[in-house]
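On the provided structure of chain X, position chain Y as indicated by the hints.
As you go down the protein sequences, you meet chains X and Y in turn. With our numbering as the guide, the letters of the first sequence map in order to residues 1 to 187. With our numbering as the guide, the letters of the second sequence map in order to residues 1 to 345.
Heads up, a few of these hints could be off.
Computed cross-link-like contacts, PhoX-like style, restricted to lysine-lysine with a CA-CA straight-line distance of at most 20 Å [to be verified]:
#1 264(Y) x 285(Y)
#2 231(Y) x 49(X)
#3 231(Y) x 152(X)
#4 37(X) x 231(Y)
#5 148(X) x 231(Y)
Everything labelled a hint here was simulated from the structure, so no lab data went into it.
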Amino acid sequence: MSILKPFNKLPSLNSASILLVENEEQFQQSLAEAIVKDTDFTVNVRLAKYLPLPIENEETRPRIDLVVFIINLTSELSLKSTETSLKYLDPAYFLGKVCFMVTSARVSSVPVERLDAVRKLAAFNHSALLFAEDQTPDGVTMAADRLKTILKVSAGHVPMATALYLSSLTQCTQCTVPTDIDQPSFN
Amino acid sequence: MDDKSKQLLQRVIRRIPIQTLKATLEKWGRLTAAQQQSIDFTQSKRALTDTVIDICEENQLSMKHITELEMINVIDSPNQSMWHALQLIDPGDDAQTVEFIQFKKQFKSHLVELVRHVSIKIKKHTDEAIWIRIAWGDSYTRPNHMKPTYAVHHLQTPYVFVTTLTSKQKPLLSQALLLSTQYQTIKEANLSGRKLTAIRDLLMKQYQQMFPNSFPSLLTETKENVPDPHKVHEQAGTASTRGRLACETFGRGALPQIETTVYKLDTKYKDPTNQTMSERSRPFKCVVKFESKNLLESLRHCATSGIVSTPVAQLLSSIPKKGRNFFYVTDTDAASSSQRPASQV
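With the rest of the complex left out, here is chain Y:
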């Protein structure tokens, strides 16, 4: 084992929580049963790392095997880094029939053609997701395994989720993805977050949604609360309407855990009480950021409790509707989602 792979192994083990280390090593399967038995998992992380490195050296494992371990860890706990969503558009004729073996072969060959020194690992996970690990190098240097890019793609869906991708590598990855998935264009989906499953669920609409219908009475029946004659809610009607409108926008049940939403405003300041600001010819620039453990849940609560006016403003409702959490708001640009001044958000 060379120094580089030792370094990587050290880092991978440092990232794996001590509770799951045993299971992860078992899944990896590069250590013999006897070797696994001999490891004392109660000792400190540092000592544990040294033991594992010694065993790996004994087994003469190479970089390839270490990257396998890293991949297993990333697949098991994908919430350790920031994921960005990319959207593929304009599917070609064969886009619906791409299957795993063909995708794997094509992706590898295309990327190797673009950058000669690159190490690619592709693995199909149980939930139909394809996990791609790319260690980048350039014409003169060998692939850097310390800063790999991970990409997750579900076949037959137009979304790819990537993490730690630099602007230099982005066009290369985009091109390889386009060629192997038979799509024409790729663009930013303006959605990012730490929870991979959450951004996937939001984009693919895999949460319990509710669609507007004209029979609100059907919905109230689901709530089984016997009214207490001594406890009467005066504004019960408006409260239930608010609840229904909030559910129509954000859905019922558990929501994907989106943590932030950013609005970049570049609009004219509109406030009748503030003359100096509203008469300025230049647009008012600011960034509005909402942060929460579960932002959609919070927004739904705001709408149900009446803190946010219902029907929910377009800027807030387009988070689940469009599956985005970055918005650039301008006054004239038709491409932007909405035209509302900062003071009203």
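Looking at chain X on its own, in the form it has when it is part of the complex:
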């Protein structure tokens, strides 16, 4: 199976590509529309249900600058699918070019352990964890704006900032990470 690589293609001028991976394929539609709408640079949105991506599209696919995993907290399957999809990403992506977006986190029926599992997943992969509201148009626009801000950096559109900065600035640290991957302590 093909592994998605961040640097095997050349970037094109004034454009950035984002890959939205969601098992339910519900939120990604509206999110994609919101992202494509009024931007000052060309955004290519790629939608996928899971990774790996089919080999047939390899030629036409632009260089993917940011991979977003959308996890619906109400479904166990969504989390499981994300976990398996992660294996088909090149390690170089985890230097700031991956983020996790969680929806329905405020639904009361969601078990607390699942949110912890998602937090742990994001912490282990040194990636950003975003929370989004997928039911209201305002929430979708907000989520799209946040993703676009990150995309700009990871695609190299912001001078003096690289994706590598993102990795250390936005990674999820809200959860207890095992000591071996934590920052070294100096005492």
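The following block gives chain Y in isolation, referenced to the frame of chain X:
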């Protein structure tokens, strides 16, 4: 008017929603225009009931007239009780030529022969359905109008839908139906639901179906979506295949509103990770119940979105294919629909 009919009238009016009460009374036609005018429909249901009872008493209406009103209400809103489907099999030579007058006469005479004290009312509705109301009594008691059985039959179709039928009355009704429709046998169709029209549509396949064909390209043309060059679906091919397979099983467009499906499993537990359970000699018994506002719609969505694997498993696809919503699944019984363990459903 005696106490019994007063009681029934009270109950019937209680069941009719206040918005449709006026129209229903008009349709009934037992009150004069002046009497209908005099009723104030803005007052409370209780006061309204008392007024109607007073007027009925004035008109000297009997039980027969009250049952008419009840029947009108049940025909107009059949979704107030649970309907079960019965299937007639082995048609006789004359089964295709049975017509309404003959059916009515035969059904009445056969049922009265079986149970002496029974009150039967048969009415033909506009959509070719025959509505039968039966109030049962036995050798010593008079027909009980408070617990009537309703049966709906469409002539020249092998299906009968019944509601509130006890096991004691079932053989009697079955026999009368068989004799008057010229069929040989009757059996449970294993389909029940609150929506009468839905179970009728499912059994008679009156919804938009799609048949498998080998030219999937023809189907994609119907979807008029202009692809956006900036928004590309990577797995579009598999998604459309899933959608097509789901539509082939469940049909396109609106689906009959089936609310529940029950699977009674009596199978061997098959799970390689659970040794203790799978090595048990006795079968694993459990009941799996799916509930939804519109179950078929939900299942179709599950298949299109990939939550349920496609092609759709036999147990799920046999709901629309066989028109059933109760399945008894065993390992060896060939009569059951499928042989799949519970863990996979």
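Quickly compare the C-alpha distance for residue 231(Y) and residue 49(X) to 20 Å and report which way the hint goes. holds (14 Å)
Taking 20 Å as the top limit, are the C-alpha atoms of residue 231(Y) and residue 152(X) close enough? holds (18 Å)
Proposed proximity, residue 231(Y) with residue 148(X) (alpha carbon, max 20 Å): Within the cut-off at roughly 15 Å; holds.
Keeping to a limit of 20 Å between CA atoms, is the pair of residue 264(Y) and residue 285(Y) held or broken? Between residue 264(Y) and residue 285(Y) the Cα gap is close to 8 Å, so the pair holds against 20 Å.
Given the hint that residue 37(X) pairs with residue 231(Y), does the C-alpha gap stay at or below 20 Å? The given pair, whose Cα atoms are some 11 Å apart, holds under the 20 Å limit.
Hint check: no violations occur; every hint is consistent with the structure.
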